[in-house]
Amino acid sequence: MLLEAKAVSKAFGSFFAVRDADLFVDEGEIIGLIGPNGAGKSTFFNCLAGDAVPTTGKIVFAGQDVTHALPEVHARLGIGRTFQVPATFEDMTVLDNVMVGAFLRHPHHNDARDRARQTLELTGLKAHTDMAAHALGTPGRKRLEIARVLATSPRLMLLDESLAGLTPTELQEAIGLVRRIHEMGVTIVIVEHIMEVIMTLARRVMAFNQGHVIASGKPEEVVREEAVIEAYLGRGRHSKRRRPT
Amino acid sequence: MKNVRALTPTVLLAAGLLVYPLIFSGPFYLDVGVTFLLAAISASAWNIVGGYAGQVSVGHAMFFGLGAYAPLLCYTLFGWAPIAGIPFGIAFSVALAVLIGLPTFRLTGHYFSMATIAVAELIRIYFGTWDLVGAAIGLQGPATARGWWDLTFRSELPYYFIFLAVLAILLRVTFMIERHRFGYYLRAIKAGERAARSLGVPVQQVKIKALALSAAFTSIAGSLYSVKTGFIDPESGFGILVSVQMVIIAALGGAGRLYGPLIGALILIPLQTVTNTWFGGGGTGLTFILYGGIIVLIARYEPGGVSELWEQVVSRRWRRKHAS
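Read top to bottom, the protein sequences are chains B and Z.
Okay, so the first sequence: first residue is 302 according to the numbering used here, each after it adds one.
Okay, so the second sequence: first residue is 4 according to the numbering used here, each after it adds one.
It cannot be assumed that every hint is accurate.
[Unchecked claim] Derived EDC-like pairs: lysine to aspartate or glutamate, alpha-carbon spacing no greater than 16 angstroms straight-line:
#1 K307/B / D366/B
#2 K193/Z / E330/B
#3 K193/Z / D397/B
#4 K307/B / D323/B
#5 K427/B / E462/B
#6 K307/B / D321/B
#7 K519/B / D392/B
#8 K519/B / E330/B
#9 K193/Z / E391/B
Hints in this document: simulated from the structure, not taken from any laboratory.
Whole structure, please, built from the sequences with the hints as guidance.
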């Protein structure tokens, strides 16, 4: 067991954004989190990444209790994350962005630069190496976020809607990239609205609604569950890529 | 070839600063030169935490003042050579930096800026009533040199070269930081703290280190000032104008850039000298107006300062040259 979240709840005042959520991730899995906006996915996600401290519950990563650990400690232990709204370092070059990640395991400048260049090649950003991050555009910046996390050599990667807002071609490329990262031995938890991504990538899916986990299992099974259809897909089951509002 | 081109500005700058006092050897020009160097040192020291890490301190006068009082206090109390007080100034400044950084760096937003202003003002007011440090009158250094170690010279020329050496060391340190993991982490914190943490940057620790380093060099600047003038009072050590000048010079030249503060001082100090000499004693108020005007111009038109403006001009010319 790589990651174990037990009965995690997160309350803001008297409002529970997440209530009693469990998640067990084995090494080498790809797990999808789905659910409509405001279902608590992102809050749960932030708890896993150390950005939010759960009100109750416990999170264990690789045998270590990380419930109250700082985000930077999570990174050091091997949990990497991306942000829903890309949080790239805008005025820094693409290379420098990735180098910040690479420095985590390679304290020396030249080693970090080599590692960063290697990561840029792998993520298809090599042509943009010396460009400022803000010049990349949203798809590029999402890719840069993935590259930056990858440079920290994570064991577990948390992707928060990293594939949203892409054109169909970009989407296929991005799915290919996530697959490659997975093949490198990185375990992946992915939050995504786009069903196509979840159905093609995830082996196991958890559906959230109003802070609760309402279903979990194989993607084909979960999307067939009545509660999920009600909460997330609405009645039109065939509108696969429709984003609920 | 690339290395030669990258080194050109450094060589030109060094040559210019070395030759300046030999060409402009009059006492007035020497005084402007020394004032310029001191301003460049202070602003470059501020730049480490305020520019690179984006943690805008508006109270760096507290470190400058501690550094300025330490040598003259050591002289007054124990009769030591003033320079013997420099390490004490550094030690107190670094301790104060850690003390301020620990609680305020946990908060985001403008709390750090506000806290620095408040602490600097508190210290200024306290020193103004504290008899040990001369209260409102301040402290004086040796009137005549008892030996070379008192660093009390008639001419400003020795001070010019001492200050220049300190500036060179500080810029060398900053240059090394830029290349180091530490420098990358500083820039990452400025660009986005949350993202930086998610990549394993120990934000709190890096910020405190930056503030401590910045405080140490600002303290040295203060010591140099009081050793040279042989006098210090609460206003010239801890006054808000001392803090604001560092911020303005760095922002004017380009905060978070190696030569930004130097360029800022190169513009501001002559300008300030002109307003002060033209308008005599009435020019003091004018300094505030000048600072205000510069703040407005930088904020409105070029947040990156003169360095960035210059880079834009160069890249536009380069593009035009290669387009045709």
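**Request:** Please write out, lowest number first, the hints stated earlier that are contradicted by the structure.
**Result:** Those not satisfied are hints 2, 5 and 7.
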